[in-house]
Amino acid sequence: EPEVTQTPSHQVTQMGQEVILRCVPISNHLYFYWYRQILGQKVEFLVSFYNNEISEKSEIFDDQFSVERPDGSNFTLKIRSTKLEDSAMYFCATAGTSGGTYEQYFGPGTRLTVT
Amino acid sequence: AQSVTQPDIHITVSEGASLELRCNYSYGATPYLFWYVQSPGQGLQLLLKYFSGDTLVQGIKGFEAEFKRSQSSFNLRKPSVHWSDAAEYFCAVEGGTNAGKSTFGDGTTLTVKP
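Protein chains in written order, with our numbering: chain A, 127 to 241; chain B, 90 to 203.
In short, the hints are calculated from the structure, not lab data. We put the beta carbon where it would ideally sit given N, CA and C, even for glycine. Careful: at least some of the hints might be erroneous.
[What the hints assert, rightly or not] Which residues of chain B face chain A? A partial, calculated answer using Cβ under 10 Å: (1) Ser128; (2) Gly151; (3) Ser159; (4) Gly184; (5) Lys190; (6) Gly194.
[Stated by the list, open to error] Straight-line C-alpha distance at most 30 Å; calculated DSS-like pairs for lysine-lysine: (7) A/Lys168 - A/Lys204; (8) B/Lys157 - B/Lys138; (9) B/Lys157 - A/Lys209; (10) A/Lys168 - B/Lys202.
Next comes chain A alone, as it looks inside the complex (with noise of 0.2 Å):
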């Protein structure tokens, strides 16, 4: 079965450093998200992505964080420079159409720490 990957499966960096995490998204899929979970606490949403532009942000979506498809076919988000709060599970799930649904899958997640 096809699947949504994600890497670096960890990533530590420093306060004040520019992470970029990645997705590669299953093939034919066009839309694409990035949630969080901090530890212990539930999966919140980011950002949607559709036809090469946010389609909708949460307000934890600030100006440090961006999206993108450098290639057409990963997925990123970058994060320009992180604080120690952003520490946490990060989440892409790609969507596409399936008999007239559009089911979210989710990818492993990348666990980023900030020290």
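Since the structure of chain A is provided, determine the placement of chain B on it from the hints.
Only chain B this time, still in chain A's reference frame:
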């Protein structure tokens, strides 16, 4: 706006006992509903999903859930719990036909007593 409520933060059951985890949602149209399970430090594993049709859906690991539109609920059940079922369980609603975002509940932690 869509929302999900999982009223039980923590549930403890004995191994072999039955289980029901509650989930209530708020969504303006027909929702897509999901249950995920997560072990500590791990990703999300999809247990089951509901899009339409039969309101009783079967999932993996012996789980099932029933969609009740009148109660805005999608409760997860298992007739006999195994020790390996101990984990965090999340209910989620997705924005369906408009490919909208998913909204997750706060989660329910399941502890299984020997």
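Hint by hint, here is what the structure shows:
no., hint, result
1, Ser128, "violated (12 Å)"
2, Gly151, "violated (20 Å)"
3, Ser159, "violated (23 Å)"
4, Gly184, "holds (8 Å)"
5, Lys190, "holds (4 Å)"
6, Gly194, "holds (7 Å)"
7, A/Lys168 - A/Lys204, "holds (21 Å)"
8, B/Lys157 - B/Lys138, "holds (14 Å)"
9, B/Lys157 - A/Lys209, "violated (42 Å)"
10, A/Lys168 - B/Lys202, "holds (24 Å)"
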